[in-house]
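**Student:** Input sequences plus hints: build the corresponding full structure.
Quick note, the sequences are listed as chains A and B, same order.
One gets the working numbering by counting positions in the first sequence from 1 and adding 4 to each.
One gets the working numbering by counting positions in the second sequence from 1 and adding 4 to each.
It should be emphasised that the hints constitute simulated quantities derived from the structure, not laboratory data.
Treat the hints loosely; a few may be bogus.
Which copy? The list can't say, so a pair holds if one copy fits it or any two copies do.
What the hints assert, rightly or not - Taking lysine to aspartate or glutamate and the DMTMM-like style, the derived pairs with C-alpha atoms no more than 25 Å apart in a straight line are: (1) Lys87 x Glu23; (2) Lys137 x Asp108; (3) Lys87 x Glu126; (4) Lys87 x Glu31; (5) Lys137 x Glu73; (6) Lys66 x Glu136; (7) Lys137 x Glu31; (8) Lys137 x Asp63; (9) Lys137 x Asp70; (10) Lys137 x Glu126; (11) Lys66 x Glu31; (12) Lys26 x Glu126; (13) Lys103 x Asp70; (14) Lys26 x Glu120.
Protein chains: 2
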Amino acid sequence: LLILTVSQGASIASAQGGEHNKQVVLEFYDLAMNQHRPQAAANQFIGSVYTQHNPLIADGKKAFADFLEARIAQFPELHSEIKSIFSDGNRVILHVRSKTDQNDRGRAIVDIFRLEDGKIVEHWDVIQPIPEKSANPNGMF
Amino acid sequence: LLILTVSQGASIASAQGGEHNKQVVLEFYDLAMNQHRPQAAANQFIGSVYTQHNPLIADGKKAFADFLEARIAQFPELHSEIKSIFSDGNRVILHVRSKTDQNDRGRAIVDIFRLEDGKIVEHWDVIQPIPEKSANPNGMF
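**Tutor:** This is the structure we're talking about:
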């Protein structure tokens, strides 16, 4: 045990913080995307500064909540299924299938969140419609 | 130091494996995407089984190399800039801006790789063209 170094100690702290951050993001995502309560989710989980990289949404928790409210109004059956969750340092990464309704083939999404002190403070995503046909039998997830 | 548990020991091993896996993926990506040697990259870094989730590419290292060779022939200035790299367990995640030439606004990509014994054995991605305009001043990265 004496061979442990400061760097390895940092990895332990990071791994523990990562598990907590994953839990924060999972609760945020479920409340906003599937319980359809984006205002409550933003108030509970997003920090006072929220830097947005999705090109359709302005900075800040209110812009996020307003955007998602409008999308839920347009697609009342909007639903996200989280396929994988990863964390590294203060980032949490989700691999998600989002569907507007049961008949929608859906979109593949990766969301990247940066957290500070248990709050979500920055967000990036990449979104691709799932095509009808594929060159392999594996699906996008 | 005696308070360390088996679970924390696993986190240390995972963090160390994660750093090695990141290095493998960075070398693979540079050789294939920027040095434009996909056959060499596939032979050196991809496992004997390679499960592909990009819907345009069949399973296996040869299908990957052939696909990228054709794309490089079409876009001789094809270039990828890795903006972020993450790892969790046996996965490595890249956040990338890919451009076909210097005038291309480019595409935002997240690649997810699964590694076994230092070889890349599975790949998922999500790809989105970068739009001209954005509701925020931050860019997609």
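**Student:** State for each hint whether it applies.
**Tutor:** Tested hints:
Both within a single protomer and between protomers do Lys87 and Glu23 lie at most 25 Å apart by alpha-carbon distance, with minima of 17 Å and 24 Å respectively. Within a single copy, Lys137 and Asp108 get their C-alpha atoms as close as 14 Å, which meets the 25 Å cut-off; across copies the closest is 27 Å, which misses it. Taking the shortest alpha-carbon separations for Lys87 and Glu126, both the intra-copy value of 21 Å and the inter-copy value of 15 Å come in at or below 25 Å. In this homomeric assembly, Lys87 and Glu31 come within 25 Å of each other (Cα to Cα) only inside a single copy, at 15 Å, whereas the closest approach across copies is 27 Å.
Proximity of Lys137 to Glu73 under the C-alpha cut-off of 25 Å is restricted to the inter-copy arrangement: shortest distance 22 Å between copies versus 32 Å within a copy. Taking identical chains as interchangeable, the C-alpha atoms of Lys66 and Glu136 lie at most 25 Å apart only when they sit on different chains, with a minimum of 24 Å there against 35 Å within one chain. Proximity of Lys137 and Glu31 under a CA criterion of 25 Å is satisfied in neither setting, with 33 Å inside one chain copy and 31 Å between copies. Taking the shortest Cα distances, Lys137 and Asp63 sit within 25 Å of each other only across copies (15 Å), while inside one copy they are farther apart (36 Å).
In this assembly of identical chains, Lys137 and Asp70 lie within 25 Å of each other by CA distance solely across copies; the values are 19 Å between and 34 Å within a copy. In the homo-oligomer, the alpha carbons of Lys137 and Glu126 lie at most 25 Å apart only across protomers (19 Å), although the nearest pairing inside one protomer, at 34 Å, exceeds that limit. Only within a single protomer do Lys66 and Glu31 lie at most 25 Å apart by alpha-carbon distance; the minimum there is 18 Å, versus 41 Å between protomers. In this assembly of identical chains, the alpha carbons of Lys26 and Glu126 lie at most 25 Å apart whether taken from the same copy (15 Å) or from different copies (23 Å).
For the identical chains of this complex, Lys103 and Asp70 are intra-copy neighbours only, at 19 Å inside a copy versus 33 Å across copies, given an alpha-carbon limit of 25 Å. Taking CA atoms no more than 25 Å apart as the test, Lys26 paired with Glu120 passes in both settings, with 12 Å inside one copy and 24 Å between copies.
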